[in-house]
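Novice: Turn these sequences into a full structure, and let the hints guide you.
Going line by line, the protein sequences match chains A and B. Residues in the first sequence are numbered from 281 upward in steps of one, following my numbering. Residues in the second sequence are numbered from 281 upward in steps of one, following my numbering.
Hints are computed from structural coordinates only; laboratory data are not their basis. It is possible that part of the hints are untrue.
Copies of the same chain are indistinguishable here, so a pair counts whether it falls within one copy or spans any two.
Below are the DSS-like pairs computed for lysine-lysine, each with C-alpha atoms no more than 30 Å apart in a straight line [stated by the list, open to error]:
{"#": "1", "residue 1": "498", "residue 2": "604"}
{"#": "2", "residue 1": "450", "residue 2": "308"}
{"#": "3", "residue 1": "582", "residue 2": "391"}
{"#": "4", "residue 1": "498", "residue 2": "308"}
{"#": "5", "residue 1": "372", "residue 2": "330"}
{"#": "6", "residue 1": "512", "residue 2": "604"}
{"#": "7", "residue 1": "418", "residue 2": "588"}
{"#": "8", "residue 1": "498", "residue 2": "484"}
{"#": "9", "residue 1": "308", "residue 2": "604"}
{"#": "10", "residue 1": "428", "residue 2": "582"}
{"#": "11", "residue 1": "498", "residue 2": "546"}
{"#": "12", "residue 1": "559", "residue 2": "308"}
{"#": "13", "residue 1": "582", "residue 2": "392"}
{"#": "14", "residue 1": "308", "residue 2": "397"}
{"#": "15", "residue 1": "392", "residue 2": "330"}
{"#": "16", "residue 1": "498", "residue 2": "628"}
{"#": "17", "residue 1": "372", "residue 2": "391"}
{"#": "18", "residue 1": "559", "residue 2": "512"}
{"#": "19", "residue 1": "484", "residue 2": "431"}
{"#": "20", "residue 1": "308", "residue 2": "390"}
{"#": "21", "residue 1": "373", "residue 2": "390"}
{"#": "22", "residue 1": "308", "residue 2": "582"}
Number of protein chains: 2
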Amino acid sequence: MNIHEERLGEFQDLLAENGLDGYIVSSKTDQGFLTGYHMNDYLLFVGRKKAWALLSVMLRDQFLGIAPFCGAVATDNLQAAVMELAASQRVKKIAFDPSTESYLQGSFWKKKGFAEKPGLVSQLRLTKRGEEVKLLRKAGEIASQAFKSVKPRIRPGMTERGVLLMLEHKMQELGASGPSFDTIIGSGPNSALPHHCTSDRVLKNNQVLLMDFGCIYKHYCSDITRTFFIGKPDRKYLEMYALVERAYRAGVAAVRDGVPAFDVDKTCRDIITEAGYGKYFIHGTGHGVGMEIHEAPRLNTKTTATLKTGMAVTVEPGVYFHGKFGIRIEDTVLVTGPGCELLTGGLK
Amino acid sequence: MNIHEERLGEFQDLLAENGLDGYIVSSKTDQGFLTGYHMNDYLLFVGRKKAWALLSVMLRDQFLGIAPFCGAVATDNLQAAVMELAASQRVKKIAFDPSTESYLQGSFWKKKGFAEKPGLVSQLRLTKRGEEVKLLRKAGEIASQAFKSVKPRIRPGMTERGVLLMLEHKMQELGASGPSFDTIIGSGPNSALPHHCTSDRVLKNNQVLLMDFGCIYKHYCSDITRTFFIGKPDRKYLEMYALVERAYRAGVAAVRDGVPAFDVDKTCRDIITEAGYGKYFIHGTGHGVGMEIHEAPRLNTKTTATLKTGMAVTVEPGVYFHGKFGIRIEDTVLVTGPGCELLTGGLK
Numbered sequence: 281m282n283i284h285e286e287r288l289g290e291f292q293d294l295l296a297e298n299g300l301d302g303y304i305v306s307s308k309t310d311q312g313f314l315t316g317y318h319m320n321d322y323l324l325f326v327g328r329k330k331a332w333a334l335l336s337v338m339l340r341d342q343f344l345g346i347a348p349f350c351g352a353v354a355t356d357n358l359q360a361a362v363m364e365l366a367a368s369q370r371v372k373k374i375a376f377d378p379s380t381e382s383y384l385q386g387s388f389w390k391k392k393g394f395a396e397k398p399g400l401v402s403q404l405r406l407t408k409r410g411e412e413v414k415l416l417r418k419a420g421e422i423a424s425q426a427f428k429s430v431k432p433r434i435r436p437g438m439t440e441r442g443v444l445l446m447l448e449h450k451m452q453e454l455g456a457s458g459p460s461f462d463t464i465i466g467s468g469p470n471s472a473l474p475h476h477c478t479s480d481r482v483l484k485n486n487q488v489l490l491m492d493f494g495c496i497y498k499h500y501c502s503d504i505t506r507t508f509f510i511g512k513p514d515r516k517y518l519e520m521y522a523l524v525e526r527a528y529r530a531g532v533a534a535v536r537d538g539v540p541a542f543d544v545d546k547t548c549r550d551i552i553t554e555a556g557y558g559k560y561f562i563h564g565t566g567h568g569v570g571m572e573i574h575e576a577p578r579l580n581t582k583t584t585a586t587l588k589t590g591m592a593v594t595v596e597p598g599v600y601f602h603g604k605f606g607i608r609i610e611d612t613v614l615v616t617g618p619g620c621e622l623l624t625g626g627l628k
Numbered sequence: 281m282n283i284h285e286e287r288l289g290e291f292q293d294l295l296a297e298n299g300l301d302g303y304i305v306s307s308k309t310d311q312g313f314l315t316g317y318h319m320n321d322y323l324l325f326v327g328r329k330k331a332w333a334l335l336s337v338m339l340r341d342q343f344l345g346i347a348p349f350c351g352a353v354a355t356d357n358l359q360a361a362v363m364e365l366a367a368s369q370r371v372k373k374i375a376f377d378p379s380t381e382s383y384l385q386g387s388f389w390k391k392k393g394f395a396e397k398p399g400l401v402s403q404l405r406l407t408k409r410g411e412e413v414k415l416l417r418k419a420g421e422i423a424s425q426a427f428k429s430v431k432p433r434i435r436p437g438m439t440e441r442g443v444l445l446m447l448e449h450k451m452q453e454l455g456a457s458g459p460s461f462d463t464i465i466g467s468g469p470n471s472a473l474p475h476h477c478t479s480d481r482v483l484k485n486n487q488v489l490l491m492d493f494g495c496i497y498k499h500y501c502s503d504i505t506r507t508f509f510i511g512k513p514d515r516k517y518l519e520m521y522a523l524v525e526r527a528y529r530a531g532v533a534a535v536r537d538g539v540p541a542f543d544v545d546k547t548c549r550d551i552i553t554e555a556g557y558g559k560y561f562i563h564g565t566g567h568g569v570g571m572e573i574h575e576a577p578r579l580n581t582k583t584t585a586t587l588k589t590g591m592a593v594t595v596e597p598g599v600y601f602h603g604k605f606g607i608r609i610e611d612t613v614l615v616t617g618p619g620c621e622l623l624t625g626g627l628k
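Specialist: Right under this line is the structure:
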């Protein structure tokens, strides 16, 4: 049985458990997860025994080629097509996802008496299994290998954008379809902006370089950050790097099945705070990684999630000195019972 | 005055015209259009005299560096932050965009008495002016030049993905930040799927190759399709190519200020239909292009839009013979009063 057909079956069991007869899957990621068909502008309507894609006639043959275990209805009126299918297939209790559906579209479903049921597909995406783990591992390896290949070629005089191109091309060469988010190459003071937009700034000697990037491999993402010094590092940099590395290593060591995500954040945060730099650690410690670059669970000061075997999360403490420099060290790790596997290679 | 500050002022005038005191801008594209700050996970709250970004503390300095004419409120509770700002700044009549806001979030605004007002920012994005035209032109030139550079290097034995890599790398080399959508390289029967997912299929001699791609240059998109034959084209291909080219040329010739978008579609469709191939033209003739790859207006059999000077749209008729081959010819054009400018170079 096709892996997507299996997943769809599991999701249909989940529908039954929730007392639902049908569900409208509106998120592109959720749709791709259940059918293997990743495309904009279609809608997946899942009943207890069958699922249908509602889509433009120009996509129908392609969809059925990829997901022959589903039905396909060619339409240019999604709302009407759903109502017709629900009637003809006698699908009664239908829900939609209010967190991924637009207000405009959701209001229509609501008027038709459909229920709100957020994140029903995401539940199945939370812990990764089988093929998913292989793809995450490959996405991680590509990012990690690309860094190893590109780092020795980085020189003062290059631009941030030049480094980005080397990195993205290398990842594509290694099999990635593209970057998993806007590649961040932050040099000098730009490294102090956690989400710096890579610019044409020229790399200078004796400055920090922060590289935060990742790739998509067969729809699965990776996320890694490496920070290093171009030239001879000064004492302040070395001190701060050692601190962030200590927090990062403690964070990675804290990841295991059953641990509250909050605790991993606290482990990193306490180390940085006790050294007197807590106010420079201006973001959470990590986030889930899967088909989306940012997904559940979050590892921060507010999360109530518990880490479970099969979850892939980042551990990425950092400190940022505005106008001066920033340091972040990040790996994507897979929770594996008593510990975790470094998907993006780890530090030496 | 900064171009974004100007736009924000225009948008504030639009608020006044619509009897509104405030607007919640939730679309990333709309936010970038008004502020110059393109980032996920923030919210822009525009009052009649001032606008504020509501965002994570880690993004605040970066935002203010790019949009110093706005305020910035660091928060990890967007809803509460909006309500506080509305109260402290006495912003009364507030609307949100139900087409870009999620149902979950929109329901909250609705409960607070906010009004639904779809597409208020999009109105300003519909016709392109000044700097926008330059960026669209550059995005078009990059795509067109990349094709010219890559086409002579395409050989049987390469894979679809190999062609994609050459093309995407060339576009980045020429200044693009990345592709404007998933690059489509369809060889042989894959060319018959209008939205084919580029595969590892090996290019063979005497087969069609369809390339649909574009790039993003400083947040503006381009879109172009070229179809050609690898080897010696057969009669059927030549006949169909000539037909699509005729439809394409007539479509481009029909684009001018004041013409109904429906008419451009009809011009292309009539030619293909009269030749007896109407049922193989399975999509609309075109769509608007700007900061998004697909935006208003649509050029199809249902549209009620009228083309206006400054709109950038695609003209892309095609025919698709499932299991055999497909042909599409596409350029992005800019409406310029009595005619249009080919942004993506046009056919020779």
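Novice: Within, between, both or neither: how does the pair residue 512, residue 604 come out at a Cα-Cα threshold of 30 Å?
Specialist: This pair counts as within: shortest intra-copy Cα distance 16 Å, inter-copy 61 Å.
Novice: When Cα atoms must be at most 30 Å apart, do residue 373 and residue 390 count as within-copy, between-copy, both, or neither?
Specialist: both (12 Å within a copy, 25 Å between copies)
Novice: Quick one: residue 450 to residue 308, C-alpha cut-off 30 Å, is that within a copy, between copies, both, or neither?
Specialist: Both: 27 Å inside a chain and 29 Å across chains, each within 30 Å.
Novice: Have a look at residue 308 and residue 582 and pick one of within, between, both or neither, based on CA distance no larger than 30 Å.
Specialist: both (28 Å within a copy, 25 Å between copies)
Novice: Using 30 Å as the alpha carbon limit, work out where residue 498 and residue 628 are close: within a copy, between copies, both or neither.
Specialist: Cα proximity of residue 498 and residue 628: one copy only (28 Å, versus 37 Å across).
Novice: Checking residue 559 and residue 512: alpha-carbon separation at most 30 Å within a copy, between copies, both or neither?
Specialist: For residue 559 and residue 512, only the intra-copy Cα distance (27 Å) is at most 30 Å; the inter-copy one is 68 Å.
Novice: Given a CA cutoff of 30 Å, do residue 582 and residue 392 count as a within-copy pair, a between-copy pair, both, or neither?
Specialist: between (36 Å within a copy, 25 Å between copies)
Novice: At 30 Å max between alpha carbons, let me know whether residue 484 reaches residue 431 within a copy, between copies, both or neither.
Specialist: Intra 15 Å, inter 38 Å, cutoff 30 Å: intra-copy only.
Novice: One pair to classify: residue 582 and residue 391, alpha carbons no more than 30 Å apart. Within, between, both, or neither?
Specialist: Between copies only: 25 Å across, 35 Å inside.
Novice: My question is about residue 308 and residue 604: at a cut-off of 30 Å on alpha-carbon distance, are they close within one copy, between copies, both, or neither?
Specialist: between (40 Å within a copy, 29 Å between copies)
Novice: Is it within a copy, between copies, both, or neither that the alpha carbon of residue 559 lies no farther than 30 Å from that of residue 308?
Specialist: Intra 37 Å, inter 28 Å, cutoff 30 Å: inter-copy only.
Novice: When no copy is named, should residue 392 and residue 330 be tagged within, between, both, or neither for a Cα gap of at most 30 Å?
Specialist: Result: close within a single copy only, 21 Å intra versus 39 Å inter.
Going down the numbered hints, you'll see the structure goes against 10, 11, while the others check out.
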